[in-house]
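Going down the list, the protein sequences come from chains A and B.
With my numbering as the guide, the letters of the first sequence map in order to residues 18 to 295.
With my numbering as the guide, the letters of the second sequence map in order to residues 18 to 295.
These are calculated hints, taken from the structure and not from any lab test.
Honestly, I wouldn't trust all of these hints.
Because identical chains share one entry, a pair is satisfied inside a single copy or across any pair of copies.
Distance condition first, Cα-Cα at most 35 Å in a straight line; then the derived DSBU-like pairs of lysine-lysine [to be verified]:
{"id": "1", "residue 1": "LYS115", "residue 2": "LYS294"}
{"id": "2", "residue 1": "LYS32", "residue 2": "LYS294"}
{"id": "3", "residue 1": "LYS223", "residue 2": "LYS115"}
{"id": "4", "residue 1": "LYS96", "residue 2": "LYS242"}
{"id": "5", "residue 1": "LYS294", "residue 2": "LYS162"}
{"id": "6", "residue 1": "LYS32", "residue 2": "LYS161"}
{"id": "7", "residue 1": "LYS161", "residue 2": "LYS115"}
{"id": "8", "residue 1": "LYS96", "residue 2": "LYS223"}
Single-letter residue listing:
Protein chains: 2
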Amino acid sequence: MEIITDIASLRARLKHESSIGFVPTMGNLHEGHLSLVQTAQQKADRVVVSIFVNRLQFAPAEDFDQYPRTLADDCKLLKNRDVHIVFAPGEKSLYPVKQEFMLDPPPVTDMLEGQFRPGFFRGVSTVVLKLFNIVQPQVAIFGKKDYQQLHLMRELVQQLNVPVEIVAGETVRAADNLALSSRNRYLTHEERAEATRLYQVLSQVKQRVEGGRRNFHDLEENAKKILCGHGWKVDYIALRHRDTLAPASECDQNIVVLGAARLGKTRLIDNLEIDVKT
Amino acid sequence: MEIITDIASLRARLKHESSIGFVPTMGNLHEGHLSLVQTAQQKADRVVVSIFVNRLQFAPAEDFDQYPRTLADDCKLLKNRDVHIVFAPGEKSLYPVKQEFMLDPPPVTDMLEGQFRPGFFRGVSTVVLKLFNIVQPQVAIFGKKDYQQLHLMRELVQQLNVPVEIVAGETVRAADNLALSSRNRYLTHEERAEATRLYQVLSQVKQRVEGGRRNFHDLEENAKKILCGHGWKVDYIALRHRDTLAPASECDQNIVVLGAARLGKTRLIDNLEIDVKT
Chain A
18 MEIITDIASL
28 RARLKHESSI
38 GFVPTMGNLH
48 EGHLSLVQTA
58 QQKADRVVVS
68 IFVNRLQFAP
78 AEDFDQYPRT
88 LADDCKLLKN
98 RDVHIVFAPG
108 EKSLYPVKQE
118 FMLDPPPVTD
128 MLEGQFRPGF
138 FRGVSTVVLK
148 LFNIVQPQVA
158 IFGKKDYQQL
168 HLMRELVQQL
178 NVPVEIVAGE
188 TVRAADNLAL
198 SSRNRYLTHE
208 ERAEATRLYQ
218 VLSQVKQRVE
228 GGRRNFHDLE
238 ENAKKILCGH
248 GWKVDYIALR
258 HRDTLAPASE
268 CDQNIVVLGA
278 ARLGKTRLID
288 NLEIDVKT
Chain B
18 MEIITDIASL
28 RARLKHESSI
38 GFVPTMGNLH
48 EGHLSLVQTA
58 QQKADRVVVS
68 IFVNRLQFAP
78 AEDFDQYPRT
88 LADDCKLLKN
98 RDVHIVFAPG
108 EKSLYPVKQE
118 FMLDPPPVTD
128 MLEGQFRPGF
138 FRGVSTVVLK
148 LFNIVQPQVA
158 IFGKKDYQQL
168 HLMRELVQQL
178 NVPVEIVAGE
188 TVRAADNLAL
198 SSRNRYLTHE
208 ERAEATRLYQ
218 VLSQVKQRVE
228 GGRRNFHDLE
238 ENAKKILCGH
248 GWKVDYIALR
258 HRDTLAPASE
268 CDQNIVVLGA
278 ARLGKTRLID
288 NLEIDVKT
């Protein structure tokens, strides 16, 4: 496995590759990431995983400094999975000067995550476009765990004609169904036990919608109430149309229920797709 | 010469080309554009010229509807110059849905042209990135006539890691030194005779700076006064550092003097580079 840290070397290494699968990450890898890697391996001859904690997508009050950096461990995991190339650029490689040319994502990014993390999607889409331009992959894999981000990446390649196919990776869960996330490691022992409730309430909403319930607002409010009753601070529980992320309407068949809530100092997100049978 | 109007066909046509020179235009071609084409031919094996009047870069009050569309004539000129491929997409090809994913250019674009044409550089950079992603050229040529745009394109590829080399083309002038521009055709006979004065005042500023004058503000104001005295409405006359477009300082050696002014209903721009000898 090659670990490359500068852009020129990576470009030179990839120059003659014609089937590149790309998995952009912020490191601190877990089975969720490794599942994306596996998908990339099925889709392309050569897999590049990038590891870069992207300052641009953190708000000043967020956990940029605290975000876990575990490059050596990450590389071990990737080597075990037969990854070919790790791109681990330093801050000065990607941002040699102040990043002033930004992407301005669509209004859909003002809601859900965007509402609670202003500038997040601006930072994500800017760094992803930069990485796409550096790696020039044919395929890039994004996990469904970050559902709105996946949606945004599809919009990005469509609206800006980026020649990259976006492939979705399924969310990987712990035995108790907590979605794997690098931020889970912030949880205390007690919080970790409670954390699975986010999945549980989303699951309950999913079952009810699949069972025919259409009082979406009530379902959302009820789910919030349950979480609040157990000490969570809820940012949103939202039933949305899966393709547009607009609020779900009664006749939508492709729905997703998304949730974001804080447990102590840790903010967790999760979502479940809902197929309404007609 | 091939004239291609849809993205998929162009991608298929260019798939195996490894040396593409790209000249993006809004059509209504003149010798200025053809000079850019010639530069592209020197730099690459295969030349693609795009012709697309980009609605995004026109403000509502500007001349989008009125902008001259002369595709048949343009293609004749390009065929005579041995251009290989013309990409002339329809509005629906580049903007099949409302363009919501935009580029947000750096603060430098708020001044000069950006000050008088709000949204212009946002529209320009968004369409150019789209075209870069479609054509995937190795080299792209932009004229010095649109000096700030050229500067912005360099910033775009640097800051977003776009794998395209930006090459500058010299401004082509009429016998009386008026910079060629598609908008010159808006001028009445009388205005056309007067139009050369923009070049003349810029030229006078250049001579004075080269002769040692450093009272930049006075030079700018004096140039404006001359133009106003002859019926022009001046947007700006500005001495700037050539690499940053920040206001020129006394010790700068690489300077450019830029001007924009309206004659009747026609807005003209021009500029001259100034080399200060030490």
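Against the structure, the hints come out as follows:
no. : hint               : in the structure
1   : LYS115 with LYS294 : between (50 Å within a copy, 31 Å between copies)
2   : LYS32 with LYS294  : neither (47 Å within a copy, 42 Å between copies)
3   : LYS223 with LYS115 : between (44 Å within a copy, 32 Å between copies)
4   : LYS96 with LYS242  : neither (44 Å within a copy, 69 Å between copies)
5   : LYS294 with LYS162 : within (23 Å within a copy, 60 Å between copies)
6   : LYS32 with LYS161  : both (30 Å within a copy, 31 Å between copies)
7   : LYS161 with LYS115 : both (31 Å within a copy, 26 Å between copies)
8   : LYS96 with LYS223  : neither (38 Å within a copy, 61 Å between copies)
Violated hints for the displayed structure, listed by number in ascending order: 2, 4 and 8.
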